[in-house]
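Student: Given only the sequences and the hints, what does the whole structure look like? Please build it.
Note that the protein sequences, when read in sequence, are chains A and B.
Residues 3 to 418 (the numbering used here) make up the first sequence, in order.
Residues 107 to 341 (the numbering used here) make up the second sequence, in order.
Check before you lean on any hint, since a few could be wrong.
Unchecked claim - Here are the simulated EDC-like pairs of lysine to aspartate or glutamate, each with C-alpha atoms no more than 16 angstroms apart in a straight line:
#, chain 1, residue 1, chain 2, residue 2
1, A, K380, B, D159
2, B, K237, B, D305
3, A, K171, A, E237
4, B, K186, A, E123
5, A, K57, B, D182
To be verified - Footprint (simulated), chain A over chain B, 3 or more residues, beta carbon under 8 angstroms:
#, region
6, 195–209
7, 259–271
8, 304–317
Stated by the list, open to error - FRET-style restraints, in silico, Cβ to Cβ:
#, chain 1, residue 1, chain 2, residue 2, range
9, A, D384, B, Y283, 29 to 39 angstroms
10, A, N99, B, L300, 49 to 59 angstroms
11, B, D304, A, R407, 39 to 49 angstroms
Since the hints were made in silico from the structure, they are not lab data.
Quick caveat: nothing in here was measured; it's all calculated off a predicted structure.
Even for Gly, the Cβ is constructed at its ideal location relative to N, Cα and C.
These are the residues of each chain, in order.
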Amino acid sequence: MPRASKGMFVALMLTLWPVWAYAQQQPADPAVIAKGEYLARAGDCIACHTAREGKTFAGGLAMKTPFGTLYTSNITPDPQTGIGTWTSDQFYQMMHNGRFPDGGLVYPAMPFASYTKVTREDSDAIFAYLRTVPPVKQPNKPHELTFPFNNRSLILGWRTLFFKEGEFKPDPSKSDEWNRGAYLVEGLGHCGMCHTAINALGGSSESQAFEGGLIPMQNWYAPSLTSNKEAGLGEWTIEEITDYLRKGVSAKGAVYGPMAEVVYNSLQYLNDDDVRAMAIYLKGLAQGSSPEKAQPPMPSAESSLLLSFGKQIYDRECALCHGANGQGMPPDYPPLAGNQSIQMVSSVNAIRMVLNGGYPPGTAGNPMPYGMPPFAQKLSDDEVAAVVTYIRGAWNNRAGPVSARQANELRSATLN
Amino acid sequence: MHRFLPLVAFLALVALPIGAAQSQTTERAPDTMAARVLACASCHGAEGEGTSDVYFPRLAGKPAGYLYNQLIAFRDGRRKYPPMNYLLEFLPDDYLKKIAEHFASLRPSFPPPAPPTDSKEVLARGESIVKNGDPQHGIPPCSACHGPALGGMEPGVPGLLGLRAAYISGQLGGWRYGTRTAIAPDCMQIVASLLTEDDVKAVAAYLSSRPAPSDPSFAPRGSLPMPLECGSEPR
Numbered sequence: 003m004p005r006a007s008k009g010m011f012v013a014l015m016l017t018l019w020p021v022w023a024y025a026q027q028q029p030a031d032p033a034v035i036a037k038g039e040y041l042a043r044a045g046d047c048i049a050c051h052t053a054r055e056g057k058t059f060a061g062g063l064a065m066k067t068p069f070g071t072l073y074t075s076n077i078t079p080d081p082q083t084g085i086g087t088w089t090s091d092q093f094y095q096m097m098h099n100g101r102f103p104d105g106g107l108v109y110p111a112m113p114f115a116s117y118t119k120v121t122r123e124d125s126d127a128i129f130a131y132l133r134t135v136p137p138v139k140q141p142n143k144p145h146e147l148t149f150p151f152n153n154r155s156l157i158l159g160w161r162t163l164f165f166k167e168g169e170f171k172p173d174p175s176k177s178d179e180w181n182r183g184a185y186l187v188e189g190l191g192h193c194g195m196c197h198t199a200i201n202a203l204g205g206s207s208e209s210q211a212f213e214g215g216l217i218p219m220q221n222w223y224a225p226s227l228t229s230n231k232e233a234g235l236g237e238w239t240i241e242e243i244t245d246y247l248r249k250g251v252s253a254k255g256a257v258y259g260p261m262a263e264v265v266y267n268s269l270q271y272l273n274d275d276d277v278r279a280m281a282i283y284l285k286g287l288a289q290g291s292s293p294e295k296a297q298p299p300m301p302s303a304e305s306s307l308l309l310s311f312g313k314q315i316y317d318r319e320c321a322l323c324h325g326a327n328g329q330g331m332p333p334d335y336p337p338l339a340g341n342q343s344i345q346m347v348s349s350v351n352a353i354r355m356v357l358n359g360g361y362p363p364g365t366a367g368n369p370m371p372y373g374m375p376p377f378a379q380k381l382s383d384d385e386v387a388a389v390v391t392y393i394r395g396a397w398n399n400r401a402g403p404v405s406a407r408q409a410n411e412l413r414s415a416t417l418n
Numbered sequence: 107m108h109r110f111l112p113l114v115a116f117l118a119l120v121a122l123p124i125g126a127a128q129s130q131t132t133e134r135a136p137d138t139m140a141a142r143v144l145a146c147a148s149c150h151g152a153e154g155e156g157t158s159d160v161y162f163p164r165l166a167g168k169p170a171g172y173l174y175n176q177l178i179a180f181r182d183g184r185r186k187y188p189p190m191n192y193l194l195e196f197l198p199d200d201y202l203k204k205i206a207e208h209f210a211s212l213r214p215s216f217p218p219p220a221p222p223t224d225s226k227e228v229l230a231r232g233e234s235i236v237k238n239g240d241p242q243h244g245i246p247p248c249s250a251c252h253g254p255a256l257g258g259m260e261p262g263v264p265g266l267l268g269l270r271a272a273y274i275s276g277q278l279g280g281w282r283y284g285t286r287t288a289i290a291p292d293c294m295q296i297v298a299s300l301l302t303e304d305d306v307k308a309v310a311a312y313l314s315s316r317p318a319p320s321d322p323s324f325a326p327r328g329s330l331p332m333p334l335e336c337g338s339e340p341r
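Tutor: Pasting the structure below:
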């Protein structure tokens, strides 16, 4: 009997609470709303919570995962279909602990494992801002997950393995700038979602934080931020890193693939101080591991044939922009000689850039970017393999050869 | 005058090495639209004239409003072709407008028309639909909106010449089956849904057999009385 009445009471509270809470909402201070808008940019909420040609923050974007398709939710203040009845406590609970107001578990496609580091004050500011966006009446689409992943209680297991609740704790031995950068990168920036390897359970292991991995379903390789042989920024100047993060192009290279989205929707809007803080933190991540020069791949008759074939294609198709010696014309035509992105063990990104080409994002700092043409329709698998092998091994680049089969497999990679 | 000579010489001496050093270390990409849109060239030609691939259309000389609408539609996913959707995904409106204006301003020569592979009857049927429509089935002539010379009309109606049959029938098919849509009211969807498959084949065969127009420009805005309301050509 006591258990039943307690249940009734809880149910009643759950039903009535939102109504009461909704009535209690006061309009927030404009400065807080502006701060919340800025932080929502830093968290890149819009990228997932807005569908193509859809209303801003009304959700409905299909996110393909190895476990099925998730549809993002409506986070406009519509009381029926959005989060209009939520309180700032409930919003914080979702950001911080990955739970809906009714206690239900949020799928970890929502990066609450990163957002848990966000302070209560910042969470409240984002919530205050979201209350001011136009409400949109658009019911959330049910997820299409395959068995057994359609069972939400499985998330409990995932959380035990991969979720560690807790706000960001500044490191007193580091500068304020470093700590601000760490807060943004590890928290709202949720960089670890891609730059930490995702395992078969859809989780990213803390011990491998920022060590890179293939992004599931997208077939882009998110390089390690800790190794200077990949995207580790130890060898970059602070200016090169801030250019890269905010303009999308730098003297060392341009953003492409999923990173173009992050710059387009989020990083270009961040202020000088915050981008600089992120750059300082990111550069520091890679300080420990100085790049060891890999051994040049063993020259064999076959690979030297591939290299000379690749050079012919390079001189014909690539040299006009990237230069006969791979020097490029930075920042608009990126250098290929010494480009870390090309020399990673994973050749996925280099192959895909040749197949698909790409434009860096149009940003305030680089409003009219230069584009790389796609070559999928022009070059055969053998030609793609040869030219990528050449680029990875020419000049002082030191990375292994690429096979026609690898090139062929990436022809069917999802484009967007 | 000669009083300034030492100063000039001094400035030249100071400035020259800097200029020389800069040109060595920081060769920049040409600051032109042509260099920026080289990404388009491998499929559409360096001047948007089209390439040998029959599915990739000529862009040059189409009205900027039409090209802009297509760029937006590809970027936002309304018009589906993954390589285009991917390339344009993170480009802002202002830049897409500049790209559209760039290709609209170009006038490269037209390719020689493909030797007709269809029968005279098919071509005649195509010509008849293009010039007179099919009043019995409520089909307006193509020339009513695309102009008597088929060069299109500013801002949103494209020219129809210099395109290959495979591309034209592909687009009309896309409209018939709803995979290509334009801003509502979508007049082309209405027209295309009235066409039979044979009509589509005939129109594509006739249009692709036409020689280059003597005047490769589009008609000025509002100069053609359009029989249908079109979202992409506001009246």
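Student: All hints, please: hold or fail.
Tutor: Tested hints:
{"no.": "1", "hint": "K380/A to D159/B", "in the structure": "10 angstroms, holds"}
{"no.": "2", "hint": "K237/B to D305/B", "in the structure": "13 angstroms, holds"}
{"no.": "3", "hint": "K171/A to E237/A", "in the structure": "27 angstroms, violated"}
{"no.": "4", "hint": "K186/B to E123/A", "in the structure": "42 angstroms, violated"}
{"no.": "5", "hint": "K57/A to D182/B", "in the structure": "12 angstroms, holds"}
{"no.": "6", "hint": "195–209", "in the structure": "holds (count 7)"}
{"no.": "7", "hint": "259–271", "in the structure": "violated (count 0)"}
{"no.": "8", "hint": "304–317", "in the structure": "violated (count 0)"}
{"no.": "9", "hint": "D384/A to Y283/B: 29 to 39 angstroms", "in the structure": "36 angstroms, holds"}
{"no.": "10", "hint": "N99/A to L300/B: 49 to 59 angstroms", "in the structure": "58 angstroms, holds"}
{"no.": "11", "hint": "D304/B to R407/A: 39 to 49 angstroms", "in the structure": "44 angstroms, holds"}
Hint violations for this structure: numbers 3, 4, 7, 8, all remaining hints satisfied.
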